[in-house]
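Visitor: Model the full structure from these sequences, guided by the hints.
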Amino acid sequence: METTMNDCQKKIGYIVAGNLKDCLRVRLVVPTQEVQEGSFVVIRCNAWQFYGLITNLELGATDPRFADEQVGERFQPALSDLLQGQTLFTNLEVLPTLMLEIGPEPGSQAYKTWFENRNSASAQPIPVKTIPSHHAEVLLAGAGDVAEIFGEESKKGFFRIGSTREQGHPVCVDLAKLIQRSSGIFGATGTGKSFLARIILSGLIKAKLASLLIFDMHNEYGLDDQASDTHLSVPGLKGKFPTDVRIVGLGRSGTIRGQVADFNLEFGESDIQPEDIELLTRELNLKETTPATLDALVASFGRNGWFSTFKAMKPGNMIEDENGKRIPAPDSVEGWALENNVNTLAAASLHSKMNRLFHLTYLVDQPAANGLNEIIKSLEGGQNIVLSFGEHENDLDYLLVTNMLTRRIREKWVDLTNAHRSHPEKATEPRPLVIVLEEAHKLLNHEMAAQTTFNTIAREMRKYGVTLLVIDQRPSQIYDEVMSQLGTRICGWLGDDDDVHSVLAGLAGRDDLRGMLARLQPKEEVILLGWGVPMPLVIRSRRYDDIFWKELLGKTGSKADESRIMKELGFGL
Amino acid sequence: MTQIPIEVGRLMRASLTGFVAGCRINQPNLPAFGTLVRVPINNRLEAFGLVYNIHVDDDGLVRQLVTNQTLPPEVIADNRDNRNMPVEISIITIGRRESGVFSHLLPGIPPTSLDIIYQCLPLEICEFTSAGRFGYFRHILRNEELPTGELLASHLDQARRAHGACGDPEWYTRAIKELIIRLRDDYPGLMNVMNALSDLPTE
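Top line first, the protein sequences correspond to chains A and B.
Per this note's numbering, residue 879 is the first one in the first sequence, and the count goes up by one each step.
Per this note's numbering, residue 197 is the first one in the second sequence, and the count goes up by one each step.
Hints listed in this document are in silico derivations from the structure and should not be mistaken for laboratory results.
For each residue, glycine too, the CB sits at the ideal point set by N, CA and C.
Mixed in with the good hints there might be a few duds.
Okay, derived cross-link-like pairs now, DSS-like style, lysine-lysine, Cα gap no bigger than 27 Å in a straight line [unchecked claim]:
1. A/K1086 / A/K1341
2. A/K888 / B/K373
3. A/K1304 / A/K1290
4. A/K889 / B/K373
5. A/K889 / A/K899
6. A/K1304 / A/K1341
Sample of chain B residues lacking proximity to chain A, with all beta carbon distances greater than 10 Å (derived) [what the hints assert, rightly or not]:
7. R206
8. L212
9. R259
10. P268
11. E270
12. D277
13. V283
14. E284
15. I312
Guide: This is the structure:
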């Protein structure tokens, strides 16, 4: 097959038609099966090189009758091969995305002049603004082309996330750019989102460009886990980064699968705000009278005391007045409601539904230690926090804890940033922070998005160095405004049309990418999209295995693994 | 060893796009359908053409003889040996050689009456058909009065053998590719040619 000398690029066709708004059409000169949808291609035309993605393959014939007739049965094999080669063809549709000025023929005087006069801006690929000419050569991208666009692993801040599907050329993500805006990892259940998240989180921890706050709802990330399908051991982040990662357990005696956390987190009852309760409307099945009742409680007892006071009230408690009539006791819910012109039934109902909160073991009158400060100090100091929910695995815990903690952290980061901006000589810029959120649709759906801190973070907090990394299987359930703020989207297979539409919302060429998403392999194939990547690309993601760790850290084992191996060999019993 | 040119007849009538040669009925070198022939026009210019028809006219005597129930062999022989009606060989002009250079353009002037027509030798076939990029196909393909499929099949078969002897067996494949490219928008025309080619014996 025709190749060029540079980077083993392979010629696959030539331009026959197209336009800038839709796509370019390429006549294929190699067998159809050698090219796949999603392949990264390079088009050379004079002094420019164009980069694009194959979005469609279409069979054609110079006359439909050539396609209808099976000439192999009528003519000699040599004749039918020749006939089919000229009258039957395959056209590709290529979505052009970037262009780069490569100048005249290298080695010529014109090239030397051009090279000396070019500026740094023209040395970078730019969004495509024109199209190549007819018959421009189309080639599969070589390793050099991929590195030109996506960066090289050897450069600081670039992390290899996977490789191109056809030829296995490494594809990198610019981590510094990734954390500048909120981003998302999406895919249907079982497509490997958690593994991909582990890979990216490992890269971020290693690069030390930001601190991570990981809400580990299902205790998957911090400690070693077991894959649900293969039952193989999956290393946790703590084991691989023992000094960079701290595991936080929820509740005073919070353990995670029998293992003790680095420290524990409790919330004081004074920390709970009315908006935290409103966030749980669906979870607690609260009524529309709830906001009014909460307002009255705050008015009566203050923002810091309303919760503990309301908790202490005795519902249904009655006393006899001087006439012997039974009336609500002053320390009862009903008594307070009557006194404050609040509907007694509404107040009693709210108290009843809030019993689930009153019994939470991590919500205490006086926390034993200031876990929240410890978390903030660790994050500011460049460490990464994995908040494992342990036995508190239901939605109520997740919604409440993530919102409360993030609200406090957001406030802190705003203060730090404002302090730095006011007096940069006295206050250093706060460390960038990425908040990792699984099941994001529970917190960021249309109904709740306006009430949660996460919506604010997604929309505004990149100015303060705080961004989200959402991991979710139902992106269609995430509020549109939040989705539109996601810079980088890494997406595995999605089956639901609404989910596909949601992931592609706001992106150029989304119609072309739609089918590509639905045809990804269920595991290990993902598409990189959005602002954070130079162009959309289908890749085979790295595997989260010993090879990955060896490449990332230079060794496969951690101290924990070594001690286990020694034990298995019979030493140190 | 220098090959002796094979005379196949003399020119009877001509135009720029074709000519008709005549010869005796019993001539031993009667050219086959699809044969490449040449006719010198002057000392610098020759026209090249393909035989596309061979025609024998009747006359009054033959018309009477065929009605006889039996025909003695000597009568048949006499009619063939001594007949004054020529075999007419129709030839389509497909190129020229001018000052030794082959071209698939038509010669600027037609040949003249009684010019001798020669059958091309294998080397001449190779040289003529290799010149340029099969431009002579256009003369054949645009003439709707020709039996295009059979003519091309016959010509390509002969040319294939010549190129095989000259050391270029791939010529045949290139020629078929070129035909397909030229006819790929003409399904009936291309199928006509392909059907004829498929009847050729494989080598």
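Visitor: Run every hint past the structure and note whether it holds.
Guide: Hints, verified against the model:
Restraint check: the Cα-Cα separation between A/K1086 and A/K1341 comes to about 19 Å, which is no more than 27 Å; the hinted pair holds. At roughly 24 Å between alpha-carbon atoms, A/K888 and B/K373 fall within 27 Å of each other, so this suggested pair holds. Pair hint A/K1304 plus A/K1290 holds up; C-alpha atoms about 17 Å apart against a cutoff of 27 Å. Proposed proximity of A/K889 and B/K373 is supported: the alpha carbons are some 21 Å apart, at most 27 Å.
Of the supplied pair hints, the one linking A/K889 and A/K899 holds, its CA atoms being roughly 25 Å apart against a limit of 27 Å. Distance check on the hinted pair: A/K1304 and A/K1341 sit about 20 Å apart at the alpha-carbon level, within 27 Å; holds. With a minimum CB-CB distance of about 39 Å to chain A, B/R206 clears the 10 Å threshold, and the non-interface call stands. The Cβ of B/L212 lies farther than 10 Å from every Cβ of chain A, with a closest approach of about 32 Å, so its non-interface assignment holds.
For B/R259, the condition that its CB be more than 10 Å from all CB atoms of chain A holds, with the nearest at approximately 43 Å. Against the 10 Å criterion, B/P268 stays outside the reach of chain A, whose nearest CB is about 47 Å from its own CB. Against the 10 Å criterion, B/E270 stays outside the reach of chain A, whose nearest CB is about 48 Å from its own CB. With a minimum CB-CB distance of about 43 Å to chain A, B/D277 clears the 10 Å threshold, and the non-interface call stands.
With a least beta-carbon separation of about 34 Å from chain A, B/V283 lies farther than 10 Å from that chain, consistent with its non-interface assignment. Non-interface status of B/E284 relative to chain A is upheld: no Cβ of that chain comes within 10 Å, the nearest being about 34 Å off. The claim that B/I312 is not at the interface with chain A holds, since no C-beta of that chain comes within 10 Å of its own (minimum 38 Å).
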